[in-house]
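Dock chain S against chain W, hints included.
So the protein lines, in turn, are chains W and S. The first sequence: position 210 = 210 (the working numbering), numbered continuously. Each position in the second sequence, counted from 1, maps to that position plus 1000 in the working numbering.
Derived from the structure by calculation, the hints contain no laboratory data. Beta carbons are placed, not taken as given, at the ideal position from N, Cα and C, and that holds for glycine. A hint or two may mislead.
Within a straight-line C-alpha distance of at most 27 Å, the following computed DSSO-like cross-link-like pairs (lysine-lysine) qualify [as the list claims (entries may be wrong)]: (1) W/K175 <-> W/K223; (2) S/K1066 <-> W/K96; (3) W/K173 <-> W/K102; (4) W/K102 <-> S/K1060; (5) S/K1066 <-> W/K102; (6) W/K173 <-> S/K1040; (7) S/K1048 <-> W/K175; (8) W/K175 <-> W/K102.
According to the in silico footprint, chain W covers these stretches of chain S (three or more CB under 8 Å from chain W) [claimed, not checked]: (9) 1020 to 1033; (10) 1048 to 1062; (11) 1065 to 1075; (12) 1086 to 1094.
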Amino acid sequence: MKHKEPMNTTLTPYRGPTLPKTTTGIQGLDELTGGGLPKGRPTLLCGNAGCGKTLLAMEFLVHGAMDSGEPGVFMAFEENTEELVQNFASLGRDLKALVAQKKLALEFVHIERSELEETGEYDLEGLFIRLGHAIDSIGAKRVVIDTVEALFSGLSNTAVLRAELRRLFRWLKEKGVTAIITGERGESNLTRYGLEEYVADCVILLDHRVEGQMATRRLRIVKYRGSTHGTSEYPFLIDEAGISILAITSMRLKHEASTERVSTGIPRLDAMLGGKGYYRGSSVLGSGAAGTGKTSLAAYFAQGAVAHGERCLWFAFEESSGQIIRNMRSIAIDLEPAVRSGMLLFHAERPTMFGLEMHLLTIHKLVNQFKPRAVIIDPITNFTTLGSEVDIQSMLTRLIDFYKTQKITALFTSLTGGGDEMGFKDVSVASLMDTWLLLRDVKNGAERNRVLHILKSRGMAHSNQVREFLLTDHGAELLDVYVGPSGALLTGSARNALEAQEKAQGLMRQQEVEGKNRDMERKRRALEAQIAMLRSEFEVAQKEATRTSGQDQTRAGVLAGDRITMSRMRQADAEASGKTPKHPKHK
Amino acid sequence: MAIPPDSSQAAPAKPADVWMLRLYVAGQTPRSLVALANLKRLCEEHLKGRYTIEVIDLVKTPQLAKNDQILAIPTLVREIPQPMRRIIGDLSNTERVLIGLDLVPAPKTST
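This is chain W alone, in the form it adopts within the complex (with noise of 0.2 Å):
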């Protein structure tokens, strides 16, 4: 869990005849083993006090009985049947059952100190016979000794002891059963009294830590003779359900990368990356500080896979669903219906209640029963309270490994501090990503208003506009926003300001145009009715000009009539006419 998990082999499953395994049937536990125990031989299984040893080999035998069809011997030193059976029934297993059925035989072991008295040499002859007698009488497969070291408090001869615990684990090899043996953690050694040093070919250590009041179990292998397996600590879960380990199984980054999309949920939002979505399977970061509308943008996911037909998953650790619900339909969105109708889970609860862990296989089991095909994890930056950035980051890398492999597209949200544009925690866990929407607030005047736009959208043409993101009562709206004259973004009722500025900007230019427009006409009309009038004025002139030309003609004719008159009387030798007269003539 410190580190990153090694890509080792742990995950390849069992392969040719190298080393034939028995199946636990723990969740988990036979992934890391790459197939589970050694068959036909026995298991060290070491842990402190409550750290789930006697839950885990209990296991091992339902499953084996129960699942394999391997009967399965309970050899305990600590509990009787009675409280066996008492305590696996709150786990939902009915031992007495399986007695019944002899797919399983409880064998308690009463020792006590004080009741024996030590009068001379003495062997273990008997535990073997019981153990043999128990083996024999429903044919077990599988035998478990829970936990063998009581017997050094309760005798005192450890040469004796140790001999016969050699001779007891050989035995076991022999009688060709798997076998797991549990065994106190010891101070400095695995077990307190090392028992380690008689079993060579598997040892599984458990761990039961507080760290920052957070308990987590956890399991490590520590050897394991003749196979390859994880070597890290994983973490595992015990619940009504009983043990589980976290699956590995994806840390090779061998998913399938889908081309298939899915929609945002808002269709611009859609159109801003790339015209449909996000990628089928793909992990999706929403971004932003307190307001900033981050659930929102989940909440038109959900409801946009839920109108697709496609089941939805929404783990809310910050508030209650009926919340979620009543909060989300201020913006439109009605969830209920799809609650009612399965499509969508919701799973509330808050991230302090457990452990980093707990919630990991909280999520991998809630997964696994509803199936869903998107799943929204709202804010992941709860978890920050649980553990170390580290801690997270690896949790959130395993949790998106598993959401790529099962196909489910994920829309995480972050709280980042208010005014810093991207958090620290954002930075370490962008890189897992493959779509990161930021959400912003913008500050202008007196006033805050959201934006959102795409940082990084992995293998898709996207938008690299800001949009104005507005959470109306009819919706979700992506607009356009304004940048103002000093290169800030206007938005809200400065970007309102700025549309009213151009409308009446617009409106006088309109008017400008049509005044001109009216005045040019003016100037036509004006224009042609001077023309109007100087034509008439000419047509006047030219009426005169006439009538003036011909009182002129007859004016000349009776002057040359007059003058051939008057040269008839004078006996002058002149044309009639043809002749104007080269003076004026009078009146």
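Here is chain S on its own, set in the frame of chain W:
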């Protein structure tokens, strides 16, 4: 603690009563033979005439090991008088056997 099969009939435990002893062995090993010999000798010394010894070979009847919570071999079980006592080993340490069987005061008071 496991209950012996016949605890109901074990109410009065007077010294005069007959002692019922059971010796669990696993086959005819030298150690079990030593244990049986030691037991017989002790009984003759301290309980002459008022004891019975039952030898149970767990190799033949392994199912009997469970009832008396047998672990070590050999084990001597004092069934009667109550309370039940269990002594492990080949009984070669006489002093410890007498303490285990609560027989230390017996020789002093009886003679």
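Verification of the supplied hints:
1. W/K175 <-> W/K223: Status holds; Cα separation ~23 Å.
2. S/K1066 <-> W/K96: holds, 18 Å
3. W/K173 <-> W/K102: Status holds; Cα separation ~22 Å.
4. W/K102 <-> S/K1060: holds, 22 Å
5. S/K1066 <-> W/K102: holds, 17 Å
6. W/K173 <-> S/K1040: It is violated: about 39 Å lies between the C-alpha atoms, which goes past 27 Å.
7. S/K1048 <-> W/K175: With Cα atoms ~45 Å apart, S/K1048 and W/K175 exceed 27 Å; violated.
8. W/K175 <-> W/K102: Measuring from Cα to Cα gives roughly 19 Å; hence the hint holds.
9. 1020 to 1033: holds (count 3)
10. 1048 to 1062: n = 3 at 8 Å, threshold three: holds.
11. 1065 to 1075: holds (count 9)
12. 1086 to 1094: Result for this restraint: holds, n = 8.
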